[in-house]
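> Now for the letters of each chain:
Protein chains: 2
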Amino acid sequence: MASNFGDRIGQAVKSKNTPLIVGIDPVYSRLPVQIREHRSMNDENDIGAAVDAMFEFCTKVVRIVAPLVPAVKINIAYFEKYLWEGVETYYSLVSEADALGVETIGDVKRGDIGHTAVSYAKAHLENPEFAEMEDIITPDAITVNGFAGTDGIVPFADVANEQGKGIFVWVRASNPSAAAIQDFAGADGKMMYEVLAEQVGEIAAQSKRIGSEGYSNIGMVVGGTAPEQAKKLRKKFEKVWFLVPGYGSQGATAQDCVRFCNDDGLGALINASRSIIYAYEKDEYKEQFGDNWEKCIEQATIDAKVEISKAMS
Amino acid sequence: MASNFGDRIGQAVKSKNTPLIVGIDPVYSRLPVQIREHRSMNDENDIGAAVDAMFEFCTKVVRIVAPLVPAVKINIAYFEKYLWEGVETYYSLVSEADALGVETIGDVKRGDIGHTAVSYAKAHLENPEFAEMEDIITPDAITVNGFAGTDGIVPFADVANEQGKGIFVWVRASNPSAAAIQDFAGADGKMMYEVLAEQVGEIAAQSKRIGSEGYSNIGMVVGGTAPEQAKKLRKKFEKVWFLVPGYGSQGATAQDCVRFCNDDGLGALINASRSIIYAYEKDEYKEQFGDNWEKCIEQATIDAKVEISKAMS
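Protein sequences, first through last, are from chains F and B. Just so you know, we're using the working numbering here: the first sequence kicks off at 338 and counts up by one. Just so you know, we're using the working numbering here: the second sequence kicks off at 338 and counts up by one.
Please note that a few of the clues may not be correct.
[Unchecked claim] Here chain F is said to cover these stretches of chain B; the calculated rule only asks that three of the stretch's residues, wherever they fall, bring their Cβ under 8 Å from a Cβ of chain F:
no.: 1; region: 367-378
no.: 2; region: 419-429
no.: 3; region: 454-465
no.: 4; region: 468-475
Since the hints were made in silico from the structure, they are not lab data. Remember, predicted model here, so these are calculated numbers, not experimental data. Cβ coordinates follow ideal geometry from the N, Cα and C atoms, glycine included.
Kindly produce the complete structure, drawing on both the sequences and the hints.
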């Protein structure tokens, strides 16, 4: 039987001794100049060259961070921009990361109902059984948009269960305008995101989704820039994993984010994307490592781990 | 300058004399036996055979319905299930439909914030400029998940504007559990979907998005199974196009759906998917046309047009 994702991610957090995960949001124009100037990858309008450059960069990033963090979150939007060639690159990257032993989270934010939701779930969580695609591995978990309520969440949750995988339902975003929708308050003061969180929490608490460590394979995405919500949610959903974006470039501090962790250090994955993968753009790292962009990324990962570790203690 | 999508879809509705549009949700196991038994397409586990069968079926469906309806809505989830090969098939199908002169709506329900939203918008609305992809056309409009509020909607709306295209923001779903989230009511009785609709309505009303006929290129997806909301929304957002799923297999009647139309017959696109594209499974059509599945689809389209036309008068 496939192992439980809630257990697996917990073991990974313990073994890497950090809730930090690295988000992969590759933008061609920000790739290291060594890659962008390579003669086989220096033309963004040649789709083959562009996706080769993305793959070269991303696999190197994953190799650097895989020994340091429990998971990488790969954002499919930056690959979809290159149409099917980009989608192929996305799946290849997930498969590479999987082979390196790091947990993989596909940031795909898919959401729909009924058969459509099942099709999305299969696309993103089922390891393909098609001839000649046997080497392709889909992510250990994906993000899901739960706007349609339980009808839109359960199909993803059920495919995740079958496959020994997990989902993180987007409950509270990290952007300013999210408040108008997600913090919309009912007559009793309860907010919309809390209603959604309760629905996700109920699905997450079903016994078939709980691993041997007590955590569920159904988690929630909750923005780190909304720390006032963190304590409330943490207390209410003790055995749910929170995926927390917003640390680093989006303005949430380590202090904000660690409020999502339980006392044992488990229960939250704190994501940093641009602040780590583009560390070579920052003076502090350039001064230390010159044009060794890989060293910059490695050091930024270590620095973020230390900062989070301090905030936790 | 590119034409306005709001105008274009209005002209198409007028020239085809119906608000009916056909949704393409292809499932291999339901394809006509003539396709599934063809020796080059009879193995679903061979991804090439599977996507060839899907493409064969879908292009034939589009050829049948293009002279009859203003638009086809192509659901990418059913293609994504076949990974990048399916995504390539999706774009090829959109391009084929475009060449047949029917408006194309990509049902992609993408939604995220900031750079990620822009990347999705480019993937799905920008005609690619990559070498060797010049023949690929992206849809005239796509569906968008607006859960993150305006920050998640404006990036899509702006790319749509640049490209002479449109978006339909998912405001109220047609599934039962949607009510718990989308009908969640505030202290004054206003529901969450109404707040979201107001945000979309504000963006839609910006002058740069309005065509010469007064309609916006920013529309809303509102389920036909919630007709009590129809009149309210129609009255409030006079010049917004509503994309109305749920007619046919999902249980909304023609009467329910036509409430979304303005008095001049414009302003709504009423979508039928399975009840039309799988018409050859129904006894009433089998009896009439035997194994001529294309005739069954054609007749079901005509019948649905008549039914809607009657409901409107």
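> Let me make sure I understand: some of the numbered hints might not hold for this structure. Which ones are they, in numerical order?
1
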